[in-house]
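Engineer: Chain W is fixed; fit chain L onto it per the hints.
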Amino acid sequence: MNYHWDWGVFFRSTGVGHEIYLDWFFSGLAMTLGLALAGWIIALVLGTVLGVMRTLPGKVLPRIAGAYVDLFRNVPLLVQLFIWYYVIPDWLPDAIGNWLKQDISPTTNAFITVMVCLGLFTAARVCEQVRTGIQALPRGQANAGYALGLNIVQVYRHIVVPQAFRIIIPPLTSEFLNIIKNSSVASLVALPELLGQTKQLVDFSAAQFEAYTVGTLIYFVVNIALMFFMRWVEKRLRVPGLIALGGK
Amino acid sequence: MNSDNSAMIRFNQVNKWYGRDHHVLKNISLEVKQGEVVVVCGPSGSGKSTLIRTINQLEPVNDGEIWVDGVQVNHPRTNINRLREEVGFVFQHFNLYPHLSVLQNITLAPVKVRKMSQADADQRGMELLERVGLSNKRDAYPSQLSGGQQQRVAIARGLAMQPKVMLFDEPTSALDPEMIGEVLKVMQNLAESGMTMMVVTHEMGFAREVADRVVFLDHGEILEQAAPAQFFNNPQCDRAQQFLRQVLAPMHG
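Read top to bottom, the protein sequences are chains W and L.
Numbering (full-length UniProt numbering) for the first sequence: 1 to 248.
Numbering (full-length UniProt numbering) for the second sequence: 1 to 253.
Just to be clear, a hint being listed does not mean it is correct.
[What the hints assert, rightly or not] Chain L regions said to be covered by chain W (calculated; three or more residues, Cβ under 8 angstroms): (1) 93-101; (2) 157-169.
[Said to hold, decoys possible] Short derived list, chain L residues pointing at chain W, Cβ under 8 angstroms: (3) 58; (4) 81; (5) 89; (6) 108; (7) 113; (8) 141.
Hints are computed from structural coordinates only; laboratory data are not their basis.
Beta carbons: idealized from backbone N, C-alpha and C, even for Gly.
Just chain W, with the same shape it has in the complex:
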């Protein structure tokens, strides 16, 4: 293949203001990280609540959380996104629907939609991690709390959940990396995040090899960096012998 590589393309003007093509990667990356972080906060909060619900006594709450997981894990992410973007706004009360469609900019609309979509999708996965973490604890941990007069909320808040989270840091890290990678679906609803900006760069400059090479590298480097950061967090929070204790 006789491709003429031209790395200088990134330093050429885009023709839009004073921007050079390289700037698009930075703005795309910022958007990607903002999106992933916002979605992750939703996923972490909702997923924790759902994960706790799955382990509660009784039938109603565990079943509600279970149904949520079944629903959000068994529909493809892209289908979920299109439903949120194209279908749901028409079902919402007019005031909210119109606000989304007319009052705010298309970019803000897309951002909110993808944030909610990623958050709720990932919450189902976080839920299962949290549930596993809680169920991995020896039964005696909760019992020791109850025996001292703690109520169920206190037992979860001070004993069960803090230990469960330490156990599930590695799988949660993978979910966090997933949400960054999954955020690339946003390019399909015209949100200028990293993949969206990469595609636009290709459209403008026709330097598809260079553009995808750099775009890919950025995803890769960001995820690797986060992976190492989370390993450091895991080490800092590690309590000696946390999982070693047994008993009922």
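Structural biologist: This is chain L only, laid out in the frame that chain W set:
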């Protein structure tokens, strides 16, 4: 509510089944008076642990009444969390919270349940650590302690709530032999301080020296109750005789 005020713990015709067929507690009637130390012994599977766990309702019962200090614990209107504040429980496997330091293990419940200030709870926690001989371990984590040390912390944790009763569910069964003594010593001191105690244990030496009464349980039934001297020297029922032979002289039972 309770006719006999001196009874700190009272079982009245208590029955419990696992499933339909497994009758684990059969017509249990038993009283433990204030300040009394009662040891529960019996072969494994006899229902000892189940029995002691019904007192703070870690195990529910199907039938009968259990009273602690004039409150019926298995009554639907009883606030079970409230009752558990008054009943200390020491587990076979200690069940210390591994993510909290020794002192935090002890102060968690007083602060969160009794709404004690952290400073007061810390002070009381240090006094208790002193009492169990571990004041130098306040900032250690449970996994950095030996089994015997962990169990002493667990006892201090129970005492931090200033309970009226202390329950011990095989407190030395998970310990290496050389650590059993230090835990029993703490328990003996506690008994001498006048604490009402119910202890499930295989430590017959402890039963003989510290208990006021020994209760022998087999197949979910109380077969014998007696003062230790009488129980050990002159057990009445065959099963108790056989059990004592096996426990006291395992190689010749």
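Engineer: Each of the hints needs a verdict: does it hold here or not?
Structural biologist: Do the hints match the structure? See the list:
1. 93-101: Since 7 is at least three, the answer is holds.
2. 157-169: holds (count 3)
3. 58: holds (6 angstroms)
4. 81: holds (5 angstroms)
5. 89: Holds: closest Cβ of chain W sits about 4 angstroms from residue 89(L), inside 8 angstroms.
6. 108: Check passed: Cβ of residue 108(L) comes within 6 angstroms of chain W, closer than 8 angstroms.
7. 113: OK, holds: residue 113(L) within 8 angstroms of chain W, min 5 angstroms.
8. 141: Where the cut-off is 8 angstroms and the nearest Cβ of chain W is about 6 angstroms from residue 141(L), the hint holds.
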